[in-house]
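Student: Respectively, the protein sequence lines represent chains A and B.
Heads up: the first sequence at position 117 corresponds to 117 in the numbering used here, and the numbers run straight through without jumps.
Add 1000 to a position in the second sequence, counting from 1, and you land on the number used in the numbering used here.
If you are wondering where the hints come from, they were derived from the structure by calculation, not from laboratory data.
Just so you know, even glycine gets a beta-carbon here, dropped at the ideal spot from N, CA and C.
Incorrect hints may have been included.
[To be verified] Partial selection, computed: residues in chain A whose CB lies under 7 Å from chain B:
1) Gly-27
2) Thr-32
3) Ile-34
4) Gln-35
5) Thr-37
6) Ala-40
7) Ser-43
8) Ser-53
9) Val-56
10) Val-58
11) Asp-61
12) Asn-94
13) Asp-198
14) Val-200
15) Val-321
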Amino acid sequence: MKRIRKLLAAGAATAGLVGGHSAYAAGTLAGTVIQNTANATFSSGSSISTIQSNTVTVKVDQLIGVAVTALTSTPVTIGTAPAVLIYQVTNTGNGPDSFDLTGAPNVSGNAFNATLQTVAIDTNGNGVYDPGVDTVITNGAASQVLAPDAIIKVFLLAASPTTATDTQTSQVRLTAASVIGTGTPGTLFAGKGTGGVDAVVGASGGTANALANLIASLANVTLTKSAAIADPYGGTNPVPGALVTYTIVAHVTGSGTAGGLTVTDAFPTGTTYQAGSLTLGGAALTDTADSDAGTVSATGITVTLGSITGGSADKTIAFKVKIN
Amino acid sequence: MRTFSRNVMTALVILAASPVLAMAAPGAVALDSSIKLDKIVTENGQTKHEYVAPQKVVPGNHLLFVTSYRNTSDKPVDHFVVTNPVPSPVALESANADTFEVSVDGGKSWGKLAQLTVTKPGASVRAAQDSDVTTVRWVIPVIAPGASGTLQYHAVVR
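With the rest of the complex left out, here is chain A (with noise of 0.2 Å):
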């Protein structure tokens, strides 16, 4: 080794490259070609010369890397309607690469396992699942080519399974996997990078997951019927003459909610329906289809009660038909 002396070079040689540091987190692009030449000045005699070396080139290969992360951080819930579960992937590569997209409800320690129904891309990069604008692909199909650092948002639309019950907690784990290959780190796919360089798989194996959680927000419907009879004597007796009041309690519980709830009762044969008899929560209702909730035909009465949350107050239905 040569003992170096700080002295002032006699003249500057060529300059290197100013700036030029990479902007991308995965590193240098693959295919970027990193040149080496030295330059020289030096004196003998009373002459100065400049000479310059050989220039060696050695081309960038391309790094596997991804990322996924779960974009729902606190559970999403699901009911009757389909939960919308929203990830994130990133090319944490340093070259295009595209992945290869996999949801799976089922995993170890769910309380149930949700059916899933939909896999698609935020086409339009909004964040909110669109339909028939967001691009739905089949479970397992590849992405779109991502640049490096590129981020696409993945949506899995899962469905919540009969078994299911309330407050029960599911997740749901998406997996991307370069196209190009995975594997352990390090293992080289020989001229499947960009531009035909050499592709190495980086310290993710080429693939990452990530889970969502799910919880079940379902409603419980109980409908209990009673029967009060006044009979034409003053009694409580079951005789011809005597209206019968039929009462439905509906009463819902749980977290989520009863949606489309319908109300149905049939007349006992050997009834007469009284007609005007029929109210919920002790307003009358009018028996013709109009816009009140209550119908009556000639065989039984429909109530419509529609969505009606977990909790809320009971519903009740009443009539009166008398024994004929």
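Based on these hints, arrange chain B on the given structure of chain A.
Tutor: This is chain B only, laid out in the frame that chain A set:
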């Protein structure tokens, strides 16, 4: 290990002040550049460095930039200054930063890294870091006829 006369400095100042080209055949130096991949191998808990041909280079890999020189003439060569631009896809590593001078402005000004500062547009002046280095240089006062040597720096692919 070579040692140099302190008189070299004086001689160079005179040379620089009289830029007259001599007619006599000057000394000649051959300069050769190469890049090696610093392969870090852990064997039985021991970390070893193997310098191999860069077959496969990805961000985060460590490279060794080597410049070899040889005085191919029969005359001594004085004030041999080797300037090596650091390619922009790589960042200098600190391990060797004290064996040469560096520039963070493409060779306009030189010094030890600790003495240099960087001013980026819209930012205040800060101390220069390894990754700011644009150029390295070595200054060798004298190369005897037939003498040779190797200069090198370590860098990491950004």
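Student: Does each hint hold? Answer for all of them.
Tutor: A quick look at each hint next to the structure:
1. Gly-27: holds, 3 Å
2. Thr-32: holds, 5 Å
3. Ile-34: Interface hint status for A:Ile-34: holds (5 Å vs cutoff 7 Å).
4. Gln-35: holds, 6 Å
5. Thr-37: Since chain B brings a Cβ to about 6 Å from A:Thr-37, closer than 7 Å, the hint holds.
6. Ala-40: This interface hint holds because 5 Å falls under the 7 Å limit.
7. Ser-43: holds, 5 Å
8. Ser-53: holds, 4 Å
9. Val-56: Because about 5 Å separates A:Val-56 from the closest Cβ in chain B, which is inside the 7 Å limit, the hint holds.
10. Val-58: holds, 5 Å
11. Asp-61: holds, 5 Å
12. Asn-94: With Cβ-Cβ at 5 Å, under 7 Å, it holds.
13. Asp-198: holds, 6 Å
14. Val-200: At 5 Å from the nearest chain B Cβ, A:Val-200 passes the 7 Å test, so the hint holds.
15. Val-321: Given a least distance of 82 Å, the restraint on A:Val-321 is violated.
Of the numbered hints listed earlier, the single one contradicted by the structure is hint 15.
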